Every structure is written in structure tokens, then in C-alpha cells.
Amino acid sequence: MQLSREALLNAYRAMKTIREFEERLHVEIQTGEIAGFTHLYCGQEAVAVGVCEHLGTQDRIVSTHRGHGHCLAKGCDVDGMMKEIWGSREGLCKGKGGSMHIADIDKGMLGANGIVGAGAPIAVGAALASRADGPGPDGMKVAIAFSGDGACNQGTTFEAMNLAVVTQAPCIFVFENNHYSEHTGVSYAVGTNRDIASRAEAFGMKAWRADGTDFFAVHETMREVLDHVRGGGGPAAVEFDTERFFGHFEGDPQRYRGPGEIERIRAERDCLTRFRNAVTAAGLLDHGDIDALDAQVLGTIEAAVAAARAAPRPTADDVLADVYISY
Amino acid sequence: MQLSREALLNAYRAMKTIREFEERLHVEIQTGEIAGFTHLYCGQEAVAVGVCEHLGTQDRIVSTHRGHGHCLAKGCDVDGMMKEIWGSREGLCKGKGGSMHIADIDKGMLGANGIVGAGAPIAVGAALASRADGPGPDGMKVAIAFSGDGACNQGTTFEAMNLAVVTQAPCIFVFENNHYSEHTGVSYAVGTNRDIASRAEAFGMKAWRADGTDFFAVHETMREVLDHVRGGGGPAAVEFDTERFFGHFEGDPQRYRGPGEIERIRAERDCLTRFRNAVTAAGLLDHGDIDALDAQVLGTIEAAVAAARAAPRPTADDVLADVYISY
Amino acid sequence: MTKMMYRDAVLSTIMEEMARDPDVVVLGEDVVGGMGTAGGPEAIGGIWSTSTGLYDRFGPGRVIDTPISESAIMGAAAGLALSGKRPVAELMFADFIGVSLDQLWNQIAKFRYMFGGKTRCPAVIRMAYGAGFNAAAQHSQSVHQILTGMPGLKVVMPSTPADVKGLLRTAIRDDDPVIFLEHKALYATSGEVPDDPDFMIPFGHARLSRAGGDVTLVSSGLLLGMCEAVADRLAAEGIGCDVIDLRTTSPLDEETILDSVEVTGRVVVVDEAPPRCGLAADLCALVAEMAFSSLKAPPQQVTPPHTPIPFARELESAYLPSVDKIEAAVRRVLAWR
Amino acid sequence: MTKMMYRDAVLSTIMEEMARDPDVVVLGEDVVGGMGTAGGPEAIGGIWSTSTGLYDRFGPGRVIDTPISESAIMGAAAGLALSGKRPVAELMFADFIGVSLDQLWNQIAKFRYMFGGKTRCPAVIRMAYGAGFNAAAQHSQSVHQILTGMPGLKVVMPSTPADVKGLLRTAIRDDDPVIFLEHKALYATSGEVPDDPDFMIPFGHARLSRAGGDVTLVSSGLLLGMCEAVADRLAAEGIGCDVIDLRTTSPLDEETILDSVEVTGRVVVVDEAPPRCGLAADLCALVAEMAFSSLKAPPQQVTPPHTPIPFARELESAYLPSVDKIEAAVRRVLAWR
Ligand SMILES: Cc1ncc(C[n+]2csc(CCOP(=O)(O)OP(=O)(O)O)c2C)c(N)n1
Ligand SMILES: Cc1ncc(C[n+]2csc(CCOP(=O)(O)OP(=O)(O)O)c2C)c(N)n1
Ligand SMILES: [Mg+2]
Ligand SMILES: [Mg+2]
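Chains as they are written, first to last, in our numbering: chain A, -18 to 308; chain B, -18 to 308; chain C, 774 to 1110; chain D, 774 to 1110.
Keep in mind the hints are simulated off the structure, nothing from the lab. Note that the structure is a prediction, hence the values are computed from the model and not measured. Any given hint could be a false lead.
Simulated restraints, written as ranges between beta carbons of each label pair [to be verified]:
1) A:Val8 with C:Ala961: 17 to 27 Å
2) A:Glu244 with C:Ala1101: 48 to 58 Å
3) A:Asp87 with D:Ser1066: 21 to 31 Å
4) D:Arg1110 with C:Glu1028: 17 to 27 Å
5) D:Arg793 with B:Arg245: 39 to 49 Å
6) A:Asp87 with C:Asp794: 55 to 65 Å
Mimicking EDC-like on lysine to aspartate or glutamate, the simulated pairs with C-alpha atoms at most 16 Å apart in a straight line are [claimed, not checked]:
7) C:Lys891 with B:Asp87
8) C:Lys891 with B:Asp299
9) D:Lys1069 with C:Asp1097
10) D:Lys891 with A:Glu244
11) C:Lys891 with B:Glu71
12) C:Lys891 with B:Asp208
Anything over 10 Å on all C-beta distances counts as not near chain B; from chain A, calculated [claimed, not checked]:
13) His35
14) Ile246
15) Arg257
16) Ala273
17) Tyr308
C-beta: ideal position from N, C-alpha, C; glycine also.
Work the whole structure out from these sequences, hints included.
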């Protein structure tokens, strides 16, 4: 916990922003106003923020279908994202992508992705671009592939790991093990008895493992990982054990979850609560500091929803635009 | 070496048949009579035979672009194969498949394959069929996926290994590490420092490793592997270290090979020579036995070439047949 | 006859065929739906509810839940089919042929031909396709145009629960590989379904769902309903539409199409795939070549534009064919010259 | 002008563009060709000899040899392109889109649209396609019909060394993703190539390689030569063929085709892909719709039959389009009515 007060506030604000963004979407989706498939990141905030707090815009990330948290942590605009999810033509992607396809290349966010496992090879490409550019004053720019415990079984993810090792690309495979791929348990689908990190290690790179509901564990682990990768040590993998508070997608009845499971993880494994308890116990921040941020974030989200609701809708003419730069 | 005299003779005959089949093709291809891409198996005979000698027709194998050895070892007809490679309508596949697509389902040979890595998932499917049928008097029927050191980097192969572990399918992944994928060295392309077996093991199955130029090592290792898999122990992997005597394909100038490399492996790592030396030194067979087989095999191949050359050619009408059973 | 939903027609046909033939096996992601969870294996039974109850009844040997590994799923289906089984594999979304095409295209479709006619590969690959749910560019696509172009595959696109029943049964009993395309927007539609446990609809036989004689509309799947709506609208004005439901795009019932066009001389083909090298073009080219002298107007295609599928509601509906767009095309061909 | 082979036009264009623009990077299997061997890295330089010398000159940062992992190669190209580079990726055989299609179709092609026009993805994916070498069903295929149907991709099919040069340069400098299809049977053909280091041929502009006025022949790649041969044969009889080389199938130069057909009224489209939902059908449907009143005969397609590609010499040549088959089709349209 060698973080400055400001860094702590930033980290909490970032996590809380994701949380409220998602909790609010959970409510709004029930009104039927939001179209499409939405996968909420609630419960996993410490991973996105603990990873991205180390990154600059020159570092790149590639995300998943459950991408809101990664986008927000990497600096995508809250209003722009909300408008995108609402399908406005003022959305970050002009209403063409929606929840599963938010990207902001200028922020180093190369896209959420509806295809499970598609991100990892793209991250290797981004890492190869960094490799070609060579190290800057802070070492190598890195590329990060966020993947789930389900995605880690997709052939593309395996190929990407091998290619990264072969080319010694500065790529980091962040596996968010939330114990489920859709409705299937990780203990079933990952043949190695849920152990994703060791399997990654067997591809020939260093691998780490940490509690993904503990912001400080994530942050510290990533410091080590980044030291290794920025220093030219080649690719790395990290597995974070985390929790998914909501269903796979909005509307999921979750009959596959154990009785009381969600209550238990909300009570014991909530990264925001754990953060608050840790920093207040250590006297780094007080409850007032955090309460103030909570209020601020709620205001931000409220404003974003109002803006999204009021934002202009796309028109039929927009369909034809932006397929090609020129054709 | 607890093999009977008959078993030893059979094994040698099988290896020698592959060797002469391939050596003869190497010569014939230069005449221009044989069309298409041909990949010769010379040097790797001990693997195909050491594996397949344990199998019955109820066991199934899936092969690669370098498939002649696997086909012959699994019992495909020599004449039918030669005719197929010659493109005759009497070929095993009526001249429609050619070298890269020889199959004989009745023999449990589910096909050579032009797509690197495509075989492994198919083998898992065959193993799932065995799993559904349950064990017979000799235990589970098995399915074997032959793959090269290059194929082991294809996403499909990784997916297949995980699926086999998850379903505990009686599937055996036989990796023939001949040190090259086309013109690229295994030490470059396999990120784990050429170690294919350990990577397979990390997928959650037992893995073995043996010298693929030593028939007895292959045969003994496969006995253990098969005991494990037939007994219901789930899938397994084996890596055999072997040698490719010819180029990747016929016509390959092989500028990527070290000086004297081919001479050395022919002298030191020829599975046929090693077999002959071992069995004669141990007094199990004498040179006369082996010389007699050599002569017999040469006759078989000579006859097969003559038959292929004389066999009827397909006609334009044949193009349209056998796309569907009914349409 | 029993009234049931399209999705239940899928499930009940699989259930019946599994009961009839022990070689039928099912595999795919979440087809059981809770493996390795505290909620127990059959917590879901397939995200489209098209496999609910199969695992309970037929067990793990015949109902195989898989990791997210579509190439391995399709490959396993191939291996099962070559080994005497009749796999019915589910690809959750048709868009995922992107990560598994090789096994469909270069393996399953080609085995019989490459192996000289000496094998059969009775695999059924089911996939949910189509737009209408704002699922955007990667979860809304049609792929029949790609798969129809691949020799060795049969491609089925049922438009009603009864057709699901008759065509899926034919697919499962067929000895060739069959792609079975289920439109997401049809899953919850209902219709009467014959009770005959051997009810089958042969492949390659289109259905004339409206007979009119003035203009021919050709479509399949979800779009059939739109064409019928247009026909009904125009009937009120005394304009008669032949509405043809293709049922299978491979094999193709050329005869039914050509017979109709020879009478009407005017044809509109309606399809949800992008316009280039699509099924609409395929059929218009067929008609132009084979019914040239009968044609009174240029064959018209109603398809989405050459763009990916957009997310927002306004964009997706502007993108998709609609009753209005089809009607406009019909009026265009009727007004020609 | 310099005389060079098609394959050398590929190599020299890549070489020149890499020298000009440090963002151009090359990747693929064996594009270096001896990594990790005693013979040294540049023992091969690409199995088509289209990257020989690149590694020596530009080094490992810009010339990246890969394992056999086509999805990862295409994905890496995607990531490089999103990160400011201009990747030129080689897919050794076009048939291998089967194991890598998702990255082409659902990623590279769609980024710009899905991301609201706020990104560019200047990736060039080169692939060797086509039959003629008895390489059988999995190493001989044409894929332009599949990729042309995918909005977001541009698809290029050069027929001569000069076109390789002009079109590949355009491709590398283009900010959209481009599929560059090289016919295997053209690699060793020679032709004059302009020396201008900025020689570029714009996409979407077909070339009229023969002007005749009696009948229109449309093709691309290897088949252009066959169409020209037919034109030359028929010219001797006083029959004039317009022979159109498409150059790019997406964007498509509709105008050149329609202008010609408006004069000739007769069209034969020749293509190497299978017949269903192929490019030949695409163009015949276009002509039937847009040049309907000019047509004097049904638009004709010359394509292989709906079968996989067979191995044996006799079978493969019976399968493929040929000068004789094209000539027969031309005579058919000329004789119509
Ligand atoms: C290639 C592909 N296969 C299947 C799916 C359907 N699908 C979407 S999310 C998902 C589960 C992903 O699990 P995981 O990687 O653990 O991510 P999580 O949802 O837990 O964040 C599946 C199967 C998909 N989108 N893409
Ligand atoms: C998907 C795919 N990628 C690439 C190729 C081209 N290719 C054919 S064989 C081969 C090398 C295979 O190496 P390995 O698996 O070690 O087998 P070996 O040739 O050594 O027997 C390659 C790259 C292919 N046929 N299929
Ligand atoms: Mg998960
Ligand atoms: Mg090898």
C-alpha cells in the first residue's frame, strides 16, 4: 500500500464509477430502453482498475464481451459510453457498436469483443507493434489481453500465448477467473482443475496469481508483472480470482449458482468494501473521503444517464457510413 | 523386448514397407508421373509402427499431411495407396484424395489431412464415440491423433487436448517431433523450448516422452500409455523424438538443414538399422531373416508401382460422383 | 397436430430422435448448462432452451457439454460422425463459424468426396442466426450464403415449427452433413406440428406458401413471414403473389422457382445476408439464366446493404429487409416498363 | 519498364514499400524461412519466394516468422494495424481462412464500422489461391467469393505482374483492410512492370483488356488469360469480345461491366470458385438487374461444378474452367435465339 492519497482516491473513484455504471445499467435494462446483449462487470472492478492504473495511453488493452470495466478503467468517457450503450449517434461508437464493441483507440483501448477469445491475438499484434518501436524511457509499451476463464479454452488464446512467447512480445495475458463461462463452471471447462496460470506458464512465460477482489493484491502483482514485461522479460500471464455479481448477461436467471452464493460474495468478496475497510483501517483515507467520492460518482452516472436519454438518435442514413475510409 | 518372433517380423516388415514405399516415391516423383504435393515419412517409421502395432481396427487414428506411414501401419492396402497417389480411379480414394487425403474408415484410419492441426479434434470425436460405447473386453477403444511439432502450435490441437481432458475421452495425442515444421525449427516455433510433452501435461493429462527412432522404446512406451487409456485413465500425450530424412515436401532444397545433418541422422538415427542391430545382437532374429523380409518388401513395392502405373485413370464423369450420398 | 413453439419443435425432435436411435449424440457449449456449478448440470439446458432435459434423460455419454472451443466441437462432431455416431452439434451463434469454419468446410463437407465416396459423415450442425435483437455486428449474422457455396454441405432454413420438425428429423436421419439454421427471431413463434413420429420433409423441395401468379417472391426463414404479409396486402388490391419458402438452400429446388417465374415473369428474392455473392444474387442469376425468355422485368434483390450489422435500434431496422421494403420492390417489378 | 515474374512483383513491391515506410511490417509462416535451424533464418524466404531478403534487410522487428497459428497471425495483423503499423500478413494458402476466418470477418473487416468510424485498420492479407497443381480439396481453393461478401474488406485479384505492382502498392498504402489474392499458377508468369516507384492502380477500376463489342467476358486472375485466348480465337472468325479484368471484386467496377453489356447484350462470367453464391452469380445477377433491357441472351456462368476439388490430373482439369469451356459458353450466348 505505498500509494499516495491521490492515487488511492483515483483508484477508488475508478472502481466506484464502474460499479455504479453497472448497477445503474442493471436497473435501466429492465425498463427495456436499452437494446442488445449486456454483460455487467460488477464484482470485478479491482482487476480492471488495479491493472489499468499502471498504464498510460501508449499502453494498449484488448477487452471482452464484459468490457465496460476495462473501458472505463482505461479512460473511456463515461458519457460517451453511456450514450453508446443507449445507441445514440453521439455514443463513443456512434451507436454502431453498443455494449459489446466499445473502443477508443486514442485511449489505447482497442475494443471490447463479442467473440470469446478473439482479443488475445489482437493484443499480441499490439505488443508486436511495441516491440517494433522498441523501449521508451519507461521501458516497453505493453499490450494487455483481458480474457475470462471461459476464453482461456479458446484455441486463439492458446495460439496467442505461444506466439507471444516465440516473439517475446511485451504482452500480458490477464485472466479474470470469475468461475463461470456463461453457465458452466470453471472446474468443468478448464481441464487443469481450474488452474489457468499454470497452464499459461507451461507455454513458456512467467505467470502470477492473485486475489482479484483485493485491489492492492492486483495492483502489487501488476507492478511486478509490468516490471518484468517493460524490462524486456517477454510476455507474462496473471490469473485473478474474482467474482461476478450479476448473471452472465442481463436476464440470466442464474439457476446454476449455489444457494446464497451471490449474497456471500457480495458480503465477503466485494472489492469496494474490502478497499474501504483496508484504507480506513490503515488510516490512509477516512470514511468521509470515500463517502464524498461515492456521492460524486453517483452524480456522474446520473448525469450520464440523463445525457444518454436525451442524446440524438442515429438515422437510417447513418447505416451506410463508416464501412470503409474510401470505397 | 518381450515380443514374439512373429511380432518382431511383423514390426520390421511394416517399417520396411513404409520405408521402401517412400524411398520409391522419392524416385518416382522426379519422373513427373505423380502429381500434387507429397510429404514423405522416411525416418519416422518406428513411430507409426510402434504405435499401431498395439491397435485393432476398432481403434481409430487420425493422421496428417505426412500420412503414408500411419496409413500403412494401420493396415491400408499398399496397392490401393500407391494407386491413389498415382491418381488412379482404383486408388483407395478413387483418385480424388491423393497423398494428403488417404483414408480407410473400415480400417479405423480416419484420414490424412492437408490442414495442419485439423486432426486432433476429429480424434477427440472418435474417442467420444468410444466413450459412448463404453469399454469392451480389452478396455476402451482408443483414438489416436498423430500431430507434428508444427501442428502442436495450432489452436485446434490445444482445444482438442482441453476437450479430451474435460470429457476424459480415451484419446492419445502422439506428437512426432521431427524438429521441423516445414523449414522452421522446433526450437523457434514451440515457445516452450521444444518441450511438447510438458505443455501437453499442463493441459491436465499424463504425458510420456521417448526416442522415436527406437522401435522398442516407442512400443514399450505405447504399452504403458495404452494401459492407462484403455483402463479408463483418460487422455494421454506422448512426444516422440524422431527424424525426417527427406525435405518437407518433395522438391524442398532443404537449405535450412545443417551441413552433414541428413548423413548423420541416416547413419545414427535410422530406426530400421537400429532395429536390425538390436534384434540380431540379442539373438532374436538373424540377418538372414531380415534380408528375406527386405527382399519380400521390395517385391511388394515393385508390384504396387507396376499396378499403379497400369491402373485405369478416372474420367471427367467421375468428377461429379460422391459429393453427397443423395442430393 | 400439436401447437408448439419453434424452439420446442427443435428440442422435441432431438429428444424423439435420441430416443429412437442410440447413435444420436448432442454436443455444444452449455447444452447441458450448469456443469461444474453448485446449481447442478441441468440448470440451463442450452441458451436457446433447445436441449433442456436431454442430459437428464440420456446422460453424459450422449449429451456432451464442452468448453468454449468451437473448432474442437465441430471437429469432435466430425470424428463422431466418422465413427458411426449421429452427432447433433450446436454452434451457439452462427457468427462463430469464424472460429470453426475449417472443420465444416475443409473436413466435414469434403470427407466423402476426398475419400472416394467410401465414407459417410452424418453430422448435423445447428446454429442460431439472424438479426433483430440489436446484438450488433458479431451476433446477428446470416451465414447460409457462405455455407450454401460449400459443396458437400446441405443447408436447411426452416421457417415454421412444422418445418423444424420435418426438416430436423430428415437432417438427423440423413447420411450427409447438414447445416441446420434456426432464426433467433423465430424461436418464440408458434404453429401446428404433425404428431406423426416419422414426419419428415424431404430436402430440396420448396413450399409454395401463397399462390398468386403475378409476381414470385422467394425467401426462407424469418423473411418468409414478411413476404406472406406483402402478399396478403397486395391480394387486397387484386395482385397475386407466388410466395416460395425455399426450406433448403442446398439442395435447391430450382424447379419450383423456375415454374413460378415462367408464369409470373417477375421475381423478387428476399434475403437477410449481405448483398455481394449472397443467396439473393445466386437465385437471381439462376432465374436470369434459366427463365430468361419468361422474364418481364429485372429480377430484384431485397437484402441489407453492404455494411456490417449496426447496433442501435434505428440502425438495425434501417439495415434489415422489411415488409415495406419488400412491398416496394414488388411494386417496382410490377411497374417495370 | 522492367520484365519480371508475378512473384517478383509481389516481393519487390513489399520491399520498396518497407523501405519507404517504416510502419510496414511483414508476418506469416516461413516468411523468413529457417528460424531455429542450423541453416540460418533466411534459408527459404517464404514458400512462394515472396519474402526472400526482407528479413536480412529489415530485421526481426519488421519481418516476423510465426508458428503454425493462422488465427494468431491474422489477429496479430489486426492488432498491429490498430496500433499504427501497416502489416502485410501472408496466409500461405487461401484455404487456411478456414482456421482464421474470425479475425478477417468479425474483427478486421468490422472494426471501423463497429467503432463508429473512429479507427483505421490498414492490414493487407496476402494469400495464394487457386487450383492447377493437383493439390486436391484443401490446397486449391478460391475464396474471393466468400471474402467479397464480407462488408469492410476490399478484395484484390491481380492477373499480371504489372497489376500486382500497382495494386499491391495501393493495398499497402490503403487505410482500409485489403485481401490480396495471388493465383499460384501466375507466380511464375512474366510481364512488363512500370518502374515508377509510386506506380499505383486504383481499386474499383476494371481493365478492358480486349475490346470487341459482340460479347462481354468478365473474369479475373488466372482466368483472364483464358478469356483473352478465347477472344483471340474468335477474333479470327470476326467475333469481337470485350474482355474485362475485374482487378478488384470489392469494390466492384459495375460501370465498366454494365457499359460493355449495354453494347454487347451478351455476357459470360468466368470464375474458379464453386457455382453456388459465387462471384459469377453475383455478376450475372447484377447484369440481369441493371442491364436488363440491353440483354439479348441469358447471362452465362462458367465455373467449376458444385463439388470439392479433386486430386487426379484428369479430374482436376475436368473440374476447372478452360479455354474450351469458355469458348463453348461464348458460342452459346452468341447463338441464343
Ligand atoms: C467464440 C464464441 N463462443 C461463444 C460465445 C458465447 N459466449 C459469450 S460470453 C461466453 C462465456 C465467456 O466466459 P468467460 O471467458 O469466463 O467470460 P465471462 O463471461 O465470465 O466474463 C460465451 C460462451 C462467444 N461470444 N464467442
Ligand atoms: C492450417 C495449415 N497451416 C499451414 C499449412 C502448411 N503446412 C503444411 S505442413 C506444415 C508443417 C507441419 O509441420 P509439422 O506439424 O511438424 O509436421 P511435419 O511436416 O514435420 O511432419 C505446414 C506449415 C497447412 N497445411 N495447414
Ligand atoms: Mg468467466
Ligand atoms: Mg515436424
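Taken at face value, is the distance from the CA of Asp299 (chain B) to the CA of Lys891 (chain C) at most 16 Å? Holds, at roughly 14 Å.
Checking one constraint from the list: CA of Lys891 (chain C) to CA of Asp87 (chain B), max 16 Å. Satisfied? Satisfied, since the Cα-Cα distance of roughly 9 Å is no more than 16 Å.
Within 16 Å, alpha carbon to alpha carbon, are Lys891 (chain C) and Glu71 (chain B)? Roughly 12 Å between the alpha carbons, so the hint for Lys891 (chain C) and Glu71 (chain B) holds.
Is it the case that Ile246 (chain A) keeps its Cβ farther than 10 Å from each residue Cβ in chain B? At roughly 25 Å from the nearest Cβ of chain B, Ile246 (chain A) sits farther out than 10 Å, so the non-interface label holds.
If we take the beta carbon of Tyr308 (chain A), is the closest beta carbon in chain B still more than 10 Å away? Label holds. Min Cβ-Cβ 32 Å, cutoff 10 Å.
Holds or violated: are the alpha carbons of Lys1069 (chain D) and Asp1097 (chain C) at most 16 Å from each other? 33 Å, violated
Satisfaction of the hinted span 17 to 27 Å by the C-beta atoms belonging to Val8 (chain A) and Ala961 (chain C): 25 Å, holds
May I ask you to test the hint 17 to 27 Å on the CB atoms belonging to Arg1110 (chain D) and Glu1028 (chain C)? Since Arg1110 (chain D) and Glu1028 (chain C) have Cβ atoms about 23 Å apart, the given range 17 to 27 Å holds.
At the C-beta level, are Asp87 (chain A) and Ser1066 (chain D) separated by a distance inside 21 to 31 Å? Violated, at about 51 Å.
Far enough from chain B: is every CB of that chain over 10 Å from the CB of His35 (chain A)? 25 Å, holds
Cβ distance range 39 to 49 Å for Arg793 (chain D) and Arg245 (chain B), holds or violated: For Arg245 (chain B) against Arg793 (chain D), whose Cβ atoms are near 45 Å apart, the range 39 to 49 Å holds.
Looking at Ala273 (chain A) again, its CB stays over 10 Å from all of chain B? Correct as stated: the minimum Cβ-Cβ distance to chain B is 48 Å, above 10 Å.
Violation of the numbered hints given earlier is confined to hints 3, 9, 10 and 12; the remaining hints are satisfied by the structure.
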